[in-house]
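All chains should be built: construct the whole structure from the sequences, respecting the hints.
Line by line, the protein sequences are chains F, H and G.
For the first sequence, the numbering used here begins at 186 and goes up steadily by one.
For the second sequence, the numbering used here begins at 938 and goes up steadily by one.
For the third sequence, the numbering used here begins at 21 and goes up steadily by one.
By construction, these hints were calculated from the structure, which means they are not laboratory data.
Heads up, the beta-carbon is just placed ideally off N, CA and C, and yes, glycines get one too.
Treat the hints loosely; a few may be bogus.
Taking CB as the label site, the calculated pair distances span [said to hold, decoys possible]: (1) F/V371 <-> H/R1006: 54 to 64 Å; (2) H/N1038 <-> G/R317: 15 to 25 Å; (3) F/G324 <-> G/M310: 40 to 50 Å; (4) H/L1185 <-> F/Q561: 52 to 62 Å; (5) H/F1114 <-> G/T308: 30 to 40 Å; (6) H/Q1190 <-> G/T308: 34 to 44 Å.
Just some of the chain H residues that point at chain G, by a computed CB distance under 10 Å [claimed, not checked]: (7) F967; (8) F969; (9) M1021; (10) A1023; (11) T1047; (12) V1050; (13) F1060; (14) L1078; (15) F1079; (16) M1081; (17) F1146.
Computed footprint of chain G on chain H, listed as stretches where at least three residues anywhere in the stretch have a Cβ under 8 Å from a Cβ of chain G [stated by the list, open to error]: (18) 952–966; (19) 973–984; (20) 987–993; (21) 1031–1041; (22) 1061–1075; (23) 1132–1141; (24) 1147–1159.
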Amino acid sequence: MTEKTSGDLRLTGVTKTFETFTAVDQLDLVIPRGSFFALLGPSGCGKTTTLRMVAGLDQPTIGQIWIGNKDITETKAYQRNVNTVFQSYALFPHLSIVDNVAFGLRRRKVPDHRRKAMEALELVQLAHIAAKKPGQLSGGMQQRVALARAIVNRPDVLLLDEPLGALDLKLRRQMQIELKQIQSEVGLTFVHVTHDQEEAMTMADTIAVMNAGKLEQVADPATLYERPTSTFVANFLGQSNLLKASVKSRAGGMADLDVHGLTLRLPVDRLKADTTELWLGVRPEKLRLVGPVGAGDVNGAGRTADNRLTGVVIDASFTGLATNYLVRLPWGQEIMVVQQNDGTRPAARGAQVTLGWAPEHGFALNASQDAHAGAQDQADDSGAG
Amino acid sequence: MRWVRAHLVGIAGMVVLSYMLIPNLVVLVFSFNKPAGNYNYQWQQFSTDAWTNPCGAPGICDSLGLSLRIGFIATVVATILGTMVAFAISRHRFRGRSATNLLIFLPMATPEVVMGSSLLTLFIAMGVAPGTPTILIAHILFCMSFVVVTVKARIASLDPRLEQAAADLFANPMQTFVRVTLPLVAPGIAAGALLAFSLSFDDYIITNFNASPSSITFPMFVWGAAQRGTPVQINVIGSVMFLAALVLVATGQLISNRRNKVAV
Amino acid sequence: MVGQLVEGPVTARLPRRARRNYTPYLLLLPGLAWLVVFFVVPMLSLFSQSLQTGNVETGYVMTWNVQTYVDALSRFWPHFVRSLLFAGTATVLALLLAYPLAYFMAQRSGRWKNILLVLVIAPFFTSFLIRTLAWQTILADTGPVVAFARTIHLTDLLQLLHLTSNDSLMNSPFAVIAGLTYNFLPFMILPLYASLERLDHSLIEAAGDLYANPAQTFWKVTWPLSLPGVVGGTLLTFIPAAGDFINARLLGNTKTVMIGQVIDSEFLRVQDYAVAAALSFVLMLIITAMVAVYVRRAGTEELV
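See the structure below:
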C-alpha cells in the first residue's frame, strides 16, 4: 500500500456512445481501494452503463479502465477480477444455492471451494439453505445469495447494480446496514449504483453524482449535502430553496447579497472572486420560525440567526417527525421549511411568519444553471425568483 | 341450472376433452375384443388373446422395430442439427437471417404429399433405390424444422443476464455455454426431441413415398392392415403407446414442476 | 484525493471494430445443407418435373409444357375446392372446440391444469392412424353412436346438409370432417393455451369493473389478446389438413376425394409425374398465398 494509486479503480476519459446518443461522456474517476463508493443519479444518467464497463460486460468507445497499474480495458469480463451483484440477482435456477456461490471459485479452480462457499453463506446468514434452489427463496434471501456469490471471490472491485431496488422498505433499511457492515468486515472496494439518494448517503463513504453521462460532483455525503456545487446536486440530494441574489459588497469574511430588495448574508468563502449573480441556497431544515430579532435568537450552535425572511404559510403538513411548511415569500416564490417536532406549536395555514437562518448554512450556486435541475418531482411552483 | 351457467366453460371444455379421448378409449376397449372376421369394428366377446400374444400378427413386431430404430436415429440427428440452427438464429446476427427463418418454416408449411413426392423424384433422379436410408433422410428433414422452432422458443425465454452473470464469475464462453446455457435450454431440446420422435414414428405419407416392400414401418403396416384386415394386436400396441405417452408426459410435468417450485 | 483528475496522458482510442464472427455460419451449415439438398432441390426438381412431358416408360423431357397445369387444374379443380372447404371447416370447428378447453385449462383449472395438459398432449403421441381407424368403429352403422344420432334425428339434419352418405355416418363427408377436426385438435389447443395462459386475469376483472358483461369482455379483451394463439393454431391446423388424405381415404368415399389423394394416386398409381408435380405445386402456392395474406392481416410479425 505504498503507492497511492495501487489497487485503486481508475476511469480515464471513459466515453460510451451508442448510435443515437452518448451514455457516458469523458468520465474521469478514481475510486480508492477499500472504500464504499456510490454512483448516484437519475435513470438514464449513465451510471449503470459505467458499471457494466467496469464489469467488462460493455466496452468503452473511448477511454481506459485501470485497477492499480493494470489496464483492464481490453480484458474480457471473465478475465477480470471484478464481480457484480445484479439488480435481478441472476442466480442460476438450475443450480443449488451453494453451487451458485461456488460457481466463480470453481471456474478459477480454487481449492476447497465448497468450504469457502459455505463461509460466504454464513457471512450472509444463509448457511442453512445451502441445498435449496433459487426458485424456493424470497427476494431478500436471493439478494443475499447474490452478494455471497460475488464476495466469495474476493474481487478487486465489487459492483452492486441497484441491488436493493426490489425489496420492501424495512428489508431495504436492514440490508443497507448489513451491506455496510460486510464491506468493512471484508475490506473490499464496493461500487454501488443507485438512484436512491438516501440509500447512497446512508451507505457510501464517497458519492459520485452523475447526470446525463457526466459527473456533477464527487464528495463525501456531508460535503455533497451541505456544499453542493451545482443546482442538480442541490436538488437531487434532499431539497433546496434557491433564491436569486446579486453581490452588493464583501467585508470581513461576510458578503452582503441583494435578494429581491432584502439584504441577506453569506460567508465570502462560498463565493468565487468574480461572482456577481448567484443562486443563494438554503436547506429547508436550516430555516427556523422565529419572532422579531431579540435575545432568544441565538441558535443551538451559539451563532446568531442573522438572515431573515417574512412570508405567509401556504401549507403545513405534520409528518410526526416534523412539520413541513410551504411558505410564500413577498415576491411570490414558495419555499420549503422543515421544522422538527420539538414541542413548539406549529404555525397554521395563512399565518404570517418570520424565518431565520445562520448565514453559514447557505451555499452559492452558479446563476446560469437551471434552478429546477435534479428536482425529483417537477411540481409547478411560481418558479425560482 | 345456475350451476351449469357458471361452469359453462368448464363443461364445454370437458366435452371437448372427451371427444379427444374417446378414440383412445375405443382402441383400448377393442383391444380386448375377439372379432369374428378380419376387421375389428364390432364387439364380439371379451378376450385377452391379443394382449398375451402381441406379436401374433405377422410382420407387426418387425414393423414396430423398424419404426423405433428409424425414430431413434432420426430424432438424434434432427435434434442435433436443429439445435445448432436454433442457436445460430437466436444468438447471432448474420446476413440472410430472415431468409433462413423462411427456409426453416417452409417444410412445416408444405403438405406431406408434396414433400414426400418431391423427395421421391430426387431419389429417382439420383438413382437411389427407396428403402430405409431414404426414409431416414426424409424423416430427419421434416423433423428438423419442428426441433428448431421448439428450441428457439426455449432460448428466447432464457434470461440473458444469467449468461452475463456467468461471465462475471470467470466463466469463458465455452464454460458459460456448457454450465449455464445448455442446462437451461435442455428442457426445450428434450421437448423438441420428443416431438421429433413422435412425428417420425407416426408418419405415413412421406414414408410411403420413400419406402420399399422390404422396409415396412409401423404406420405402413397399419395402413396395409386397414385394407386387408385389422388384427387386434394393432389395438394392443396403440393402447400401450397411449399409456406410455401418458406416463412420459406426466413424468415430464412432474420434473418441470419440481424445478420451478417456489417455497413460501 | 478523491475525485481528482488523473495525472498522466489520457490516450483517446479509436472506437473498436467488431470482430468477424464465424460461429453462426458453422452452426448453420449442417442443418441448412440438409434442408437445401433434401428440400429445396427436390422442390425445384418437382417444379421442373411439372413442366416436362413424357411418361415412365419413355422417360421425361423438359419442354416447358405449361399445358400440364391447365389440364391438371381443369380436371381436378373440384378436388382443390373440396380440400380447402374441408380443411377450412375442420379448422373453424377445431377453433370452436379448442377455445373453451384451452380457456378452461389456462384460466380456470387451477390444480388440474397439469393433468389436463397431459390428457391433451398424450393422445397426440399415439399413432394417429390407429386413432383414425377407431373412428371407423365409432361411426360404424351398427354402433351405438349412430343409433343415438338416428334417434335424435341428427342424421336427418346432416343428410339435409349433404354431409352423410346414404343415411350412413361412416364413409361420408361428415366422417371426413370429424376425423380432420379430431386429428388436428391438439395443434389448435396448444398454441391457444400458450396464448391464454399469458393472459393476465386482472384484465378480465378490470373489464368487469368497467361495466362489460361476459360477452363484451370476451370480444373486447380476451379474444384480441389471444389472437397470436389463434393465428398459430389455425395455421398449424389448416396447412396439414388441406393436404391430408388419410382421413379422406379411411373415413370417406369416392365422392369425398381430396387433393392429397389425387396427388398420391397420380404419383404412385397412375404414375403421371408431370400432372402430380403440377398439382403439388399449385397446392403449395395456394397454401403459401393464403398463409401470407392471413398472417399479414392478423399482424403477427414472426411465425417461427
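According to a criterion of three or more residues whose C-beta lies within less than 8 Å of a C-beta of chain G, is the segment 1031–1041 of chain H covered?
It holds: at least three residues are needed, and the segment 1031–1041 of chain H offers 5 whose Cβ sits within less than 8 Å of chain G.
State whether the coverage of the segment 952–966 of chain H by chain G holds or is violated, taking the criterion as 3 or more residues with Cβ-Cβ distances under 8 Å.
Per the Cβ count (10), the hint holds.
That 40 to 50 Å hint for F/G324 and G/M310 (C-beta), does it hold up?
With a Cβ separation near 49 Å, F/G324 and G/M310 satisfy 40 to 50 Å, so the hint holds.
Classify the hint on H/F1060 as holds or violated, based on whether any CB of chain G lies nearer than 10 Å to its CB.
holds, 9 Å
How about the segment 1061–1075 of chain H: do at least three of its residues have a C-beta closer than 8 Å to a C-beta of chain G?
n = 3 at 8 Å, threshold three: holds.
54 to 64 Å was suggested as the range; check whether the CB atoms of F/V371 and H/R1006 agree with it.
About 59 Å separates the Cβ atoms of F/V371 and H/R1006, which means 54 to 64 Å holds.
Against chain G, is H/A1023 within 10 Å by beta-carbon distance?
holds, 9 Å
Under 10 Å is the threshold here; is the Cβ of H/M1081 close enough to any Cβ of chain G for the hint to stand?
holds, 6 Å
Do the numbers back the hint for H/V1050, that is, is its least Cβ distance to chain G under 10 Å?
This interface hint holds because 5 Å falls under the 10 Å limit.
Regarding the hint that H/F969 lies at the interface with chain G, is the smallest CB-CB distance below 10 Å?
Constraint on H/F969 not satisfied, violated at 13 Å.
Lying within 52 to 62 Å: is that true of the beta-carbon distance H/L1185 to F/Q561?
Because 57 Å falls inside the window, the suggested range holds.
Using the Cβ atoms, figure out if H/F1114 sits within 30 to 40 Å of G/T308.
Holds, at about 36 Å.
In the structure shown, a violation is registered for the earlier hints numbered 8 and 20, in ascending order.
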